[in-house]
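Q: Work out the full structure, taking the sequences as your base and the hints as a guide.
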Amino acid sequence: MNAGNALFIVGALLCLVGALSTVIARSPIRAAMGLLITIIGIASLFLKLSAQFLAAIQIIVYAGAVVVLFVFVIMLIGADTSAGPPKSGGSVGSRIVAGGGMAVLSGLGLLLLARFDGQPVRFGPAAVGHGDVEAVGGLLFREAIIPFELATALLIVAVIGAIAVARSKARPRPAPPESHESKRLFHGPLHPRDAQRPLSKEPAE
Amino acid sequence: MEALVKVFPANDFSLLAVILCLPLIGAFINGVFGKRLGREGVTLMALAAVGGSFLAAVVSFLVLRQAQAGSEQAARLTYVAWDWLSVSGRHDLGSIPIKVAFSLDALNATMCLVVTGVGFLIHLYSTKYMEKDPGYHRFFAYLNLFIFSMLVLILGDSLPILFVGWEGVGLCSYLLIGFWFTDEKNAQAGKKAFIVNRIGDFGLLVAMALFVYHVGALDWIGIEGGRSRLLEPVKLWPIGNVVPLSSALPESAAAWLNTPRYVTAASLVGLALFLGCAGKSAQIPLYVWLPDAMAGPTPVSALIHAATMVTAGVYLVCRLSSVFVLAPAVMFTIALVGALTALLAASIAFAQNDIKKVLAYSTVSQLGYMFLGVGVGAFSAGFFHVVTHAFFKACLFLGAGSVIYAMHKRIHDTDTSQDMRKMGGMKKYMPVTFATFVGAWVAIIGFPGTSGFFSKDEILLKALTSQIQSPLPGGKITQMTRAGEQTVLELWQWPSWGNQVLFAMGVVGAVMTAFYMSRLVFGIFWGDFKGWTIKRKWKAPAHHDHDDHDHPHHHHDPDEPLEGPAPVESPWQMWLPLAVLAALSLGGGFLNAHLLHLHPMDDWLGPVFATAAQNVTAAEGGLSLVLAFGIGAFALGLGAAYWVYRLQGGEPARAFVERMPGLHRWAQDKFYVDEAYDEAVVESAAALADTAAAADKYVVDGIVAKLTSGVVQLAGAGLRFVQTGKVHTYAAVMVVGTAAVGWFLIAPHAQARTVHQSAGQYGVVAAPGFGYQYRWDTDGDGQWDSEEFSSQMQQDVTLGFGENKTLRLQVKNAFGRTAERSITVSRPKLDPTRGPATVIQIEQQPDGTVRGVLPGQQPTGGVQ
Amino acid sequence: MSALGYVLEHYVVLSALLFTIGAIGFLVRRNVLIQLMSIELMLNAINLLLVAYNRQHGGPMTGQLFAFFIIAVAAAEAAVGLAIILSYYRLKASVHSDEADALKH
Numbered sequence: 001m002n003a004g005n006a007l008f009i010v011g012a013l014l015c016l017v018g019a020l021s022t023v024i025a026r027s028p029i030r031a032a033m034g035l036l037i038t039i040i041g042i043a044s045l046f047l048k049l050s051a052q053f054l055a056a057i058q059i060i061v062y063a064g065a066v067v068v069l070f071v072f073v074i075m076l077i078g079a080d081t082s083a084g085p086p087k088s089g090g091s092v093g094s095r096i097v098a099g100g101g102m103a104v105l106s107g108l109g110l111l112l113l114a115r116f117d118g119q120p121v122r123f124g125p126a127a128v129g130h131g132d133v134e135a136v137g138g139l140l141f142r143e144a145i146i147p148f149e150l151a152t153a154l155l156i157v158a159v160i161g162a163i164a165v166a167r168s169k170a171r172p173r174p175a176p177p178e179s180h181e182s183k184r185l186f187h188g189p190l191h192p193r194d195a196q197r198p199l200s201k202e203p204a205e
Numbered sequence: 001m002e003a004l005v006k007v008f009p010a011n012d013f014s015l016l017a018v019i020l021c022l023p024l025i026g027a028f029i030n031g032v033f034g035k036r037l038g039r040e041g042v043t044l045m046a047l048a049a050v051g052g053s054f055l056a057a058v059v060s061f062l063v064l065r066q067a068q069a070g071s072e073q074a075a076r077l078t079y080v081a082w083d084w085l086s087v088s089g090r091h092d093l094g095s096i097p098i099k100v101a102f103s104l105d106a107l108n109a110t111m112c113l114v115v116t117g118v119g120f121l122i123h124l125y126s127t128k129y130m131e132k133d134p135g136y137h138r139f140f141a142y143l144n145l146f147i148f149s150m151l152v153l154i155l156g157d158s159l160p161i162l163f164v165g166w167e168g169v170g171l172c173s174y175l176l177i178g179f180w181f182t183d184e185k186n187a188q189a190g191k192k193a194f195i196v197n198r199i200g201d202f203g204l205l206v207a208m209a210l211f212v213y214h215v216g217a218l219d220w221i222g223i224e225g226g227r228s229r230l231l232e233p234v235k236l237w238p239i240g241n242v243v244p245l246s247s248a249l250p251e252s253a254a255a256w257l258n259t260p261r262y263v264t265a266a267s268l269v270g271l272a273l274f275l276g277c278a279g280k281s282a283q284i285p286l287y288v289w290l291p292d293a294m295a296g297p298t299p300v301s302a303l304i305h306a307a308t309m310v311t312a313g314v315y316l317v318c319r320l321s322s323v324f325v326l327a328p329a330v331m332f333t334i335a336l337v338g339a340l341t342a343l344l345a346a347s348i349a350f351a352q353n354d355i356k357k358v359l360a361y362s363t364v365s366q367l368g369y370m371f372l373g374v375g376v377g378a379f380s381a382g383f384f385h386v387v388t389h390a391f392f393k394a395c396l397f398l399g400a401g402s403v404i405y406a407m408h409k410r411i412h413d414t415d416t417s418q419d420m421r422k423m424g425g426m427k428k429y430m431p432v433t434f435a436t437f438v439g440a441w442v443a444i445i446g447f448p449g450t451s452g453f454f455s456k457d458e459i460l461l462k463a464l465t466s467q468i469q470s471p472l473p474g475g476k477i478t479q480m481t482r483a484g485e486q487t488v489l490e491l492w493q494w495p496s497w498g499n500q501v502l503f504a505m506g507v508v509g510a511v512m513t514a515f516y517m518s519r520l521v522f523g524i525f526w527g528d529f530k531g532w533t534i535k536r537k538w539k540a541p542a543h544h545d546h547d548d549h550d551h552p553h554h555h556h557d558p559d560e561p562l563e564g565p566a567p568v569e570s571p572w573q574m575w576l577p578l579a580v581l582a583a584l585s586l587g588g589g590f591l592n593a594h595l596l597h598l599h600p601m602d603d604w605l606g607p608v609f610a611t612a613a614q615n616v617t618a619a620e621g622g623l624s625l626v627l628a629f630g631i632g633a634f635a636l637g638l639g640a641a642y643w644v645y646r647l648q649g650g651e652p653a654r655a656f657v658e659r660m661p662g663l664h665r666w667a668q669d670k671f672y673v674d675e676a677y678d679e680a681v682v683e684s685a686a687a688l689a690d691t692a693a694a695a696d697k698y699v700v701d702g703i704v705a706k707l708t709s710g711v712v713q714l715a716g717a718g719l720r721f722v723q724t725g726k727v728h729t730y731a732a733v734m735v736v737g738t739a740a741v742g743w744f745l746i747a748p749h750a751q752a753r754t755v756h757q758s759a760g761q762y763g764v765v766a767a768p769g770f771g772y773q774y775r776w777d778t779d780g781d782g783q784w785d786s787e788e789f790s791s792q793m794q795q796d797v798t799l800g801f802g803e804n805k806t807l808r809l810q811v812k813n814a815f816g817r818t819a820e821r822s823i824t825v826s827r828p829k830l831d832p833t834r835g836p837a838t839v840i841q842i843e844q845q846p847d848g849t850v851r852g853v854l855p856g857q858q859p860t861g862g863v864q
Numbered sequence: 001m002s003a004l005g006y007v008l009e010h011y012v013v014l015s016a017l018l019f020t021i022g023a024i025g026f027l028v029r030r031n032v033l034i035q036l037m038s039i040e041l042m043l044n045a046i047n048l049l050l051v052a053y054n055r056q057h058g059g060p061m062t063g064q065l066f067a068f069f070i071i072a073v074a075a076a077e078a079a080v081g082l083a084i085i086l087s088y089y090r091l092k093a094s095v096h097s098d099e100a101d102a103l104k105h
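Residue numbers (the working numbering), protein chains in the order written: chain A, 1 to 205; chain B, 1 to 864; chain C, 1 to 105.
One thing to keep in mind: the hints can contain errors.
[Claimed, not checked] Simulated restraints, written as ranges between beta carbons of each label pair:
#, chain 1, residue 1, chain 2, residue 2, range
1, B, L745, C, L8, 15 to 25 Å
2, A, V71, C, K104, 28 to 38 Å
3, B, E787, C, K104, 55 to 65 Å
4, B, A715, C, D101, 19 to 29 Å
5, A, L113, B, A715, 40 to 50 Å
6, A, L108, B, A715, 29 to 39 Å
7, B, L745, C, I70, 16 to 26 Å
8, B, T691, C, K104, 22 to 32 Å
9, A, L108, C, K104, 49 to 59 Å
10, B, E787, C, D101, 53 to 63 Å
11, A, T152, C, K104, 34 to 44 Å
12, B, A715, A, V92, 48 to 58 Å
Simulated from the structure, these hints should not be mistaken for laboratory data.
Using N, Cα and C, we set each Cβ at its ideal position, and we do this for glycine too.
A: Pasting the structure below:
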């Protein structure tokens with residue numbers, strides 16, 4: 001076992017252990033820690049796959065922002081929220097069906113993969129500069145500039161949306177200011193005489 | 001003047017845009033901001049818009065006069081605003097650009113002056129007449145919009161632009177007739193005018209299509225240039241080659257039925273155009289809307305339904321005179337319809353008591369005169385009558401309005417206040433109105449020296465002497481057929497009796513006009529006032545304010561004797577236009593007084609009608625005869641009316657009514673034409689609508705809509721219990737669905753398709769799938785070719801003609817499950833009835849060209 | 001065994017396992033917070049797959065670009081999702097997803 005294999009095994013184990021503890025943990029804060037472990041594992045695998053830039057982004061965005069956000073929310077809500085007894089039946093049946101179905105499906109998929117005979121695909125040597133900041137950054141700002149800008153717009157919209165959704169109770173709005181003269185120019189009856197009269201034949205009163 | 005010509009060159013005469021846009025701006029501002037502007041603002045805006053437009057029209061007129069001075073050619077000033085669209089006609093005539101273009105020549109410059117000038121006077125009049133109306137700004141918005149539309153109509157340089165204006169004035173007419181729309185009767189009258197006009201507009205649209213097809217142009221110059229193409233024969237009958245079922249008839253009848261019937265395209269175009277003109281200008285059979293249109297305010301009647309809009313039909317005939325003269329039959333129809341309308345309307349006018357109704361029928365009758373004039377080819381005489389009629393009829397309507405305004409002081413019911421039996425003796429109370437009314441009256445009855453005298457006698461003279469020549473020498477259109485040269489159409493010849501008949505009808509109409517107009521004037525202005533008992537120092541009851549139209553149903557008890565002050569003269573805003581118009585009615589005749597050898601108008605319009613005049617012949621002489629008949633008719637009509645209504649105090653008329661109550665009732669009820677139209681047209685349309693409504697209600701709503709909604713409702717009622725609202729339920733269902741799709745993807749499906757590669761070579765290709773392996777049985781012996789599965793997806797098969805072969809395919813998926821299918825490949829038999837197929841081979845040559853080569857042929861030519 | 005980290009299939013299997021864990025976690029857990037974390041797990045699994053295939057193909061690194069945008073979208077999704085959880089908690093005083101059943105028949 002050389003150093004490269006060790007890195008892969010460590011990364012893969014981190015991922016699996018972290019993922020399992022995320023899913024199994026009773027307390028959300030433990031789940032968040034599990035997620036953090038998974039993220040670090042994935043970042044190390046990115047390094048192994050010579051995607052240095054993405055590894056950095058993975059750590060910065062996921063570990064630095066997303067997990068911290070989760071932890072914030074857990075703190076806001078209170079870490080022990082899952083402790084209380086469920087108020088409703090808990091939809092046990094559908095959860096079992098869904099979880100079991102998903103497990104069977106994935107098992108079948110893996111079995112399908114195992115049934116393939118053929119040589120495993122081995123990576124060749126990576127090109128110089130494959131996946132470093134310069135290469136990916138150049139790609140981002142040349143070929144992918146439009147999706148990149150759209151992604152920034154999406155993030156801004158998401159931030160505004162998040163604020164709008166999470167804002168506490170809406171304050172009563174101030175009364176609208178007195179309607180301006182010119183606003184009445186285009187509505188109201190065309191004809192002063194019509195003001196008291198209905199347009200149809202129905203009686204006014 | 002020089003500067004003007006420099007600023008506004010003839011081919012980009014943007015002053016036309018000024019003439020057009022001012023009323024449009026006025027309409028917009030009054031319509032949108034009128035309520036905020038206040039009465040003064042609205043007045044100023046409306047008057048300034050139309051006044052400015054009038055001034056611009058005067059300047060344009062002067063520029064045009066200078067351009068035409070000393071030239072035989074008709075001068076034209078044009079302005080192209082923008083390219084609108086382009087239509088493609090017959091392919092040999094190319095595509096036809098339609099521009100938003102306007103032009104000014106002698107004809108529409110004159111018309112433009114009349115519209116803006118008379119329009120301005122009537123605007124001025126309306127500021128007082130409509131003063132107390134709550135819809136003051138709305139009224140002026142509509143009126144300005146009308147002026148704009150009318151100007152588009154007369155200035156438009158092509159038929160489509162004219163049509164835009166044509167529809168615009170129709171819309172304004174509708175809006176203004178129904179101006180007091182809260183009264184059901186007025187709204188009905190508006191609708192009637194609108195719908196009857198639609199029938200005419202249909203004709204105009206058909207004419208446009210025919211122009212596109214036959215002439216390939218829609219602008220005036222293009223139509224005039226290509227008018228000779230309208231002389232081609234058009235087969236009307238039979239549709240197709242033979243009449244269906246005609247063989248069942250006796251042979252002679254079938255032959256008669258199957259004989260092709262032709263008309264010239266010019267006749268079709270002319271008739272279609274005349275249908276449009278008859279609608280807009282209220283001729284038989286579409287005249288019925290105009291008398292009802294009097295439901296609008298009186299200035300509207302004066303402007304739209306007397307002076308301007310209703311003469312649009314005459315204008316259109318004059319404008320396309322070069323086309324109309326190609327169809328003598330249509331011209332004679334126009335003249336005859338005009339004369340008949342003149343007589344019919346005059347006879348109805350005898351029995352009417354509502355002064356506006358009398359004037360309305362008089363208008364219809366005078367329009368008939370105009371069509372009589374243009375129908376015999378006297379375009380400038382007919383158009384001259386348009387101008388003089390605009391003066392005296394506007395004056396008469398405004399005068400009537402002035403009288404009604406006075407009557408309104410005490411009588412607030414619209415019908416009663418317009419009833420001439422309630423009037424009388426007004427000359428004492430309203431001297432200015434009286435004087436001006438008399439001025440217009442003498443003009444319309446043709447008192448020698450007045451405008452009506454000159455214009456009507458000119459029409460009568462031309463009716464007697466002028467006729468339309470056949471547009472082709474020989475009067476025949478021949479075509480080469482297999483049987484040799486054949487005459488397909490003999491052109492219609494102007495009948496020898498035609499002129500005498502038309503002239504006689506015109507003279508009778510003139511007598512009738514003189515009689516009923518005199519009856520009207522005597523009824524209003526002479527005798528004793530019968531409206532109410534005049535009391536000096538009478539005071540209005542406190543609850544009365546003068547806004548009758550707010551309370552149309554407010555009636556006085558007819559039995560209660562009404563008291564009131566003496567009627568008074570109208571304010572200056574009302575009598576000033578009257579005075580101007582009366583002066584024009586009296587003096588306008590000298591624009592075209594042929595008797596005195598004074599005819600600037602004819603000289604002015606001459607170049608416009610030069611093309612048309614080539615097809616018109618006018619006999620010399622007849623002048624003294626016409627003069628005698630004209631003056632005789634006037635004297636007879638006036639004398640009879642004076643005898644009946646002044647000397648005998650109306651006794652002979654009453655005696656006549658008593659002796660022939662039926663005839664009188666008949667005339668009073670307008671010969672029941674409206675009722676006949678109701679029964680024939682309206683009822684059948686209503687029946688059709690009822691049928692459609694029933695079908696909609698029971699078939700569409702009942703079966704289609706109810707059934708589908710019922711099914712959806714039922715399904716919804718059942719399925720809603722599936723909706724638990726819990727996210728886990730939905731997730732479980734989704735997983736199950738995903739599993740089903742995954743199962744489908746992985747399960748083996750033995751499917752194959754056959755491809756034909758070349759002659760006799762077929763390939764059977766198995767469908768690919770995830771993890772699939774295949775084995776084949778190609779020789780059909782029930783044994784697999786090899787026991788092993790492989791990834792070979794295709795088997796090739798070679799077949800002769802008419803042979804077929806069956807293969808078997810087995811598919812195994814990644815989990816060892818298999819599926820089987822047998823596939824039969826067959827090749828069709830060679831069809832002996834068809835020769836060997838000719839195959840064109842496409843070869844690419846070394847030089848890059850592609851050639852099609854027939855077998856056994858050297859390649860010739862090539863396509864790049 | 002010598003080239004454990006250089007074989008594509010290993011990454012594919014690992015990614016499949018991660019995805020399955022995430023999916024089952026999402027389907028089975030009732031705590032909305034953990035469900036959201038499971039979604040992040042699934043997204044990470046996909047990212048891993050994309051980067052692995054990209055490593056095999058070399059070339060223009062489109063796979064890495066895609067992974068980059070998925071990270072961006074995941075960040076946005078986390079922000080909005082957590083905001084929704086916050087207001088849901090305010091409304092129901094609970095973080096159990098099966099108590100959000102206002103949309104039932």
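Q: Between A715 of chain B and D101 of chain C, does the C-beta distance stay in 19 to 29 Å?
A: At roughly 22 Å between Cβ atoms, D101 of chain C and A715 of chain B fall inside 19 to 29 Å, so the hint holds.
Q: Are L113 of chain A and A715 of chain B spaced within 40 to 50 Å by their CB atoms?
A: At roughly 41 Å between Cβ atoms, A715 of chain B and L113 of chain A fall inside 40 to 50 Å, so the hint holds.
Q: Do the beta carbons of T691 of chain B and K104 of chain C sit within 22 to 32 Å of each other?
A: violated, 48 Å
Q: Mind checking the hinted window 48 to 58 Å against the Cβ distance between A715 of chain B and V92 of chain A?
A: Given about 29 Å between the Cβ atoms, the range is violated.
Q: Given the hint of 55 to 65 Å, is the C-beta distance from E787 of chain B to K104 of chain C inside that range or not?
A: holds, 57 Å
Q: Go ahead and decide if the range 29 to 39 Å is satisfied by the Cβ distance of L108 of chain A to A715 of chain B.
A: Holds, since L108 of chain A and A715 of chain B (Cβ atoms, about 34 Å apart) stay within the stated range.
Q: Is it true that the C-beta distance of L745 of chain B to L8 of chain C lies inside 15 to 25 Å, as the hint says?
A: holds, 22 Å
Q: CB of L745 of chain B to CB of I70 of chain C, is that within 16 to 26 Å?
A: At 25 Å between Cβs, range holds.
Q: Does the Cβ pair E787 of chain B, D101 of chain C satisfy 53 to 63 Å?
A: For E787 of chain B and D101 of chain C the Cβ distance comes to about 58 Å; the hint holds.
Q: Between L108 of chain A and K104 of chain C, does the C-beta distance stay in 49 to 59 Å?
A: violated, 33 Å
Q: Verify the CB-CB distance for V71 of chain A and K104 of chain C against the hinted window 28 to 38 Å.
A: holds, 33 Å
Q: Taking 34 to 44 Å as the hint, is the beta-carbon distance of T152 of chain A and K104 of chain C inside that range?
A: holds, 39 Å
Violated hints for the displayed structure, listed by number in ascending order: 8, 9, 12.
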